[in-house]
Every structure is written in structure tokens, then in C-alpha cells.
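Colleague: Note that the protein sequences, when read in sequence, are chains C and A. Quick note, the first sequence lines up with residues 1 to 240 if you use this note's numbering. Quick note, the second sequence lines up with residues 241 to 480 if you use this note's numbering.
These aren't lab readings, by the way, just hints derived from the structure by calculation. For every residue, glycine included, the Cβ atom is placed at its ideal position computed from N, Cα and C. All clues stand as given, with none of them false.
Listed next, the stretches of chain A that the computed footprint assigns to chain C, with coverage defined by at least 3 CB atoms under 8 Å from CB atoms of chain C:
1. 362-374
2. 378-384
3. 408-418
Sample of chain A residues facing chain C (criterion: CB under 10 Å; computed from the structure):
4. HIS345
5. MET390
6. VAL391
7. CYS392
8. GLU395
9. LEU396
Number of protein chains: 2
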Amino acid sequence: MSKISLPDIRAVLFDVFGSVVDWRGSLIADLSAWGKPIGLAPGWAGLVDDWRGAYAPSMDRVRRGELPWTILDDLHRASLEGLVVKYGLTGLSDADLDHINKGWHRLKPWADSVAGLIRLKTRFIIGPLSNGNVALLVNMAKHSGLPWDMVCSTELFRHFKPDPETYLGAAKILGLQPHQVMLAAAHNNDLAAARACGLATGFFARPTEYGLRQVRDYAAEQDWDVVAADIGDLASKMGC
Amino acid sequence: MSKISLPDIRAVLFDVFGSVVDWRGSLIADLSAWGKPIGLAPGWAGLVDDWRGAYAPSMDRVRRGELPWTILDDLHRASLEGLVVKYGLTGLSDADLDHINKGWHRLKPWADSVAGLIRLKTRFIIGPLSNGNVALLVNMAKHSGLPWDMVCSTELFRHFKPDPETYLGAAKILGLQPHQVMLAAAHNNDLAAARACGLATGFFARPTEYGLRQVRDYAAEQDWDVVAADIGDLASKMGC
Chain C
1 MSKISLPDIR AVLFDVFGSV VDWRGSLIAD LSAWGKPIGL APGWAGLVDD
51 WRGAYAPSMD RVRRGELPWT ILDDLHRASL EGLVVKYGLT GLSDADLDHI
101 NKGWHRLKPW ADSVAGLIRL KTRFIIGPLS NGNVALLVNM AKHSGLPWDM
151 VCSTELFRHF KPDPETYLGA AKILGLQPHQ VMLAAAHNND LAAARACGLA
201 TGFFARPTEY GLRQVRDYAA EQDWDVVAAD IGDLASKMGC
Chain A
241 MSKISLPDIR AVLFDVFGSV VDWRGSLIAD LSAWGKPIGL APGWAGLVDD
291 WRGAYAPSMD RVRRGELPWT ILDDLHRASL EGLVVKYGLT GLSDADLDHI
341 NKGWHRLKPW ADSVAGLIRL KTRFIIGPLS NGNVALLVNM AKHSGLPWDM
391 VCSTELFRHF KPDPETYLGA AKILGLQPHQ VMLAAAHNND LAAARACGLA
441 TGFFARPTEY GLRQVRDYAA EQDWDVVAAD IGDLASKMGC
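Given these sequences and hints, build the entire structure.
Modeller: Spelled out as C-alpha cells, the structure:
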């Protein structure tokens, strides 16, 4: 593992779902507001939790070769088609399903995210390093004002995190060595995989990401290079 | 060819070298200022013109399979190593050559570019669609304040423009149909290739791009979907 020196860092790349944006709160609010005037109230919180529950298994099917390379929008859509049956959502049009699926493009940032990113952007290249596909991440950034310098999706590498191709690929396309890139995330497992590739690591907790179901990531589980309270505090600790 | 409807356009992607930034004027000024205190004055204008002259032939070597996929930074560096011999620049260190080569990361925008892009960004996804590699484009954007929403380099597709894989690949990663994407450029040949792939096209001339050596692209050579005076005028014609 490279020795990390914070002054060497040139780019800070962020995990997005849960770390920068509140996927659970955003989706529940967005879909509840959409469903209300048309009488759709299937228990959106349960559907959203189940949808996120299908995320890792669906990527594992790609990782094991059971599916060809598939972007996250399409994995989300396949999972959703099962869930609308489970939750008794009948009569939805293709446009309705597309609107629900694009809820992932409309996720909103945690309260500190945008201000913290703007500060970090003054000294570092900032971008996502997310399993969201490029279109999802670009639309989300436009929707929520995320001031990325560039959009690094694992789609570019046709691998999902935590595969090493994603962390190493991000450093490579930026023309940087791994130790010049920090992954910033609220998830210890993501940071562990990044550290194993030689990246710098920054942790901040998002203790309400999973609502009452959260069982992990309340605190740093390794001596990450920076441990912060939130993205604003990360900016302060990075000298911004 | 798709029928283009301007209200359908969601993303405006820009050719960069010559269209958004003044590569020739920037490089001559940058290298002259760098060389002066160390007594290097090989005739930078000639070197820069020759360097740009090597651009298309070097990409053609990749296109014909004589070279494996090679990013533009590395093509530039290989061309430069021949030119320093031709221009009698002896005794340069590897760091010197790297600094000169990274001159392409420090190109400055034409006077109207940044203000026009900021206006377009209010209604459209904006990004480059350039043969510059990702690192070059990201560093240039940081250096010169280009407010891209995302950085689309042809490196992502391992093809150089005007190969169709680049225009179609850009639309695909944005989750858009080709007619929902405009290529904006000061080069008729780039626009012709984009139009052949079904993209919308926007032209503005940069009549001083090549200095006194400019021989083409003084005016639109087809009925491009938008013909503007510069990027500010393009923004106006796109309703921004």
C-alpha cells in the first residue's frame, strides 16, 4: 500500500449513494409526492428499502458473469419490475415505470454536501466515483447542483465497485497515481477496497442513510487518512 | 439522418481545440513566457504549428492500427520529441518536456467561451466532446474555468473523432438519442461527421485559430442546425 501524504492529493472522488445524496429519504419523498394525486400509496418506504436491497445482488450477477455488462439504470429497472408486482402496483405504464426508475436521477444531497463540495473544488478536482451510470450521475448533478469537475462512473470501466478496476481506472483517466486520489465515502467497505488499491481515504458517517434499519458505518472502522463529521468538515480537514 | 428539432436537445457538447480554446495563441504565449528566462526561443510559433500539424497524422496511425490505443497526451509527447530535435532544443530534462507537453492542459478560452458556456449550462447539459484525453480536459477546465457538467473525452470510447463511435458513444452514455445531442464546433468536418450520426449541429467560426495559416472554416459549409457568431450567440440562439 502506498504511503499516503495528504499534500500529494489532487483529486477527491466521492461515493454518491448515501455519502453525498440521501437516496432513501429522497426516493420516499419523491415517489410519495408523485403517487399521491393518482392514488398510489403502496408503502413507498418498504419498496425503496427492498429496491436498495436488490442493488448489491444485481451487481453481483454482473460480476459473476450471469449478466453481461449492464448499467445501473437497467439493473434498477429490472429490480423495479419485480417490486411493482410484489407491492401490487398494477396498471403502470412504461412511462410511469421510467419515471419511478429515474427517481435515482433526482436524489437530493445531504444538507452539508453542496457547500462542502464547493469548498473542496477550490483546491481539488472533485467528482463522483459511483456505480451510478454516467447519465444518472449527470442528471443528478444538474438536478441537485452538485458542482463536479468531471463525472467518473464505474460504467467507464465496465466494472462495479468494489472491483479494483474502478479505483485504479479513475486514477488512470485523471493521469494521477493512486495515492494522489482520495476516495471519500460514508462506507467502510468502499474505503477498504480503495485503500487496497493505494488510494487515499476520507470517511464521514451518514448514520441515517438506512433509516431505522441502519446496522453499520456509524463510525470509522480503520484509521482512514481523514475522518470527518461530514463533507464540510472534510473540506476543513483538507485545508479548504 | 434524424430530423433535428431544437426543442429536443438536452445536451450541447463542444469540440474544444480551436472551438472553445485558442490552442495556438495559448501555447505560443505560454511557452514563450516559460522559455524566456531560461533563454529558450526556438521560434515557438513554428514549433506549435508543426506540433498541431502532427495531430491528425498521429491519430491516423492509431486509426489504422499502426499504434495501439494511445491517449492524446502520449501522441503529443511523441510528436514533441521529434520537434525538439528539429528546433534544436537540446538539454531539456524529462520534467521540461512534461511541462511543455502539459501546455495543452493550460490552453485558454476565447473571450466569449466561458460566459457563453455559463448561459448554456442553465438549460443544457454541457461538456466537451474532444480528442483530448480526460486528464487533459479536466486540467484545462480547472485551469481556465470551463464550467462543464461532465467531461466527455473520446478516450472513453478508444476512438478519435471523426469516428462515429465517438458521437454515438457520447449520446449513449448520456442516455440520450443522437438527435437530443448537439455538437458545437468551429470545424465543418467535425460537424459533418456528427450530423452523419444523427446529432444536431451548431457552428461558429474561429477565423484566427490558425493565425495567418488558416485556410478553411471561415464560414458554415452546410445548413447546420444553428449557425452563430460565437458561443455567446449560440447561447442566444438556443434560447439561453
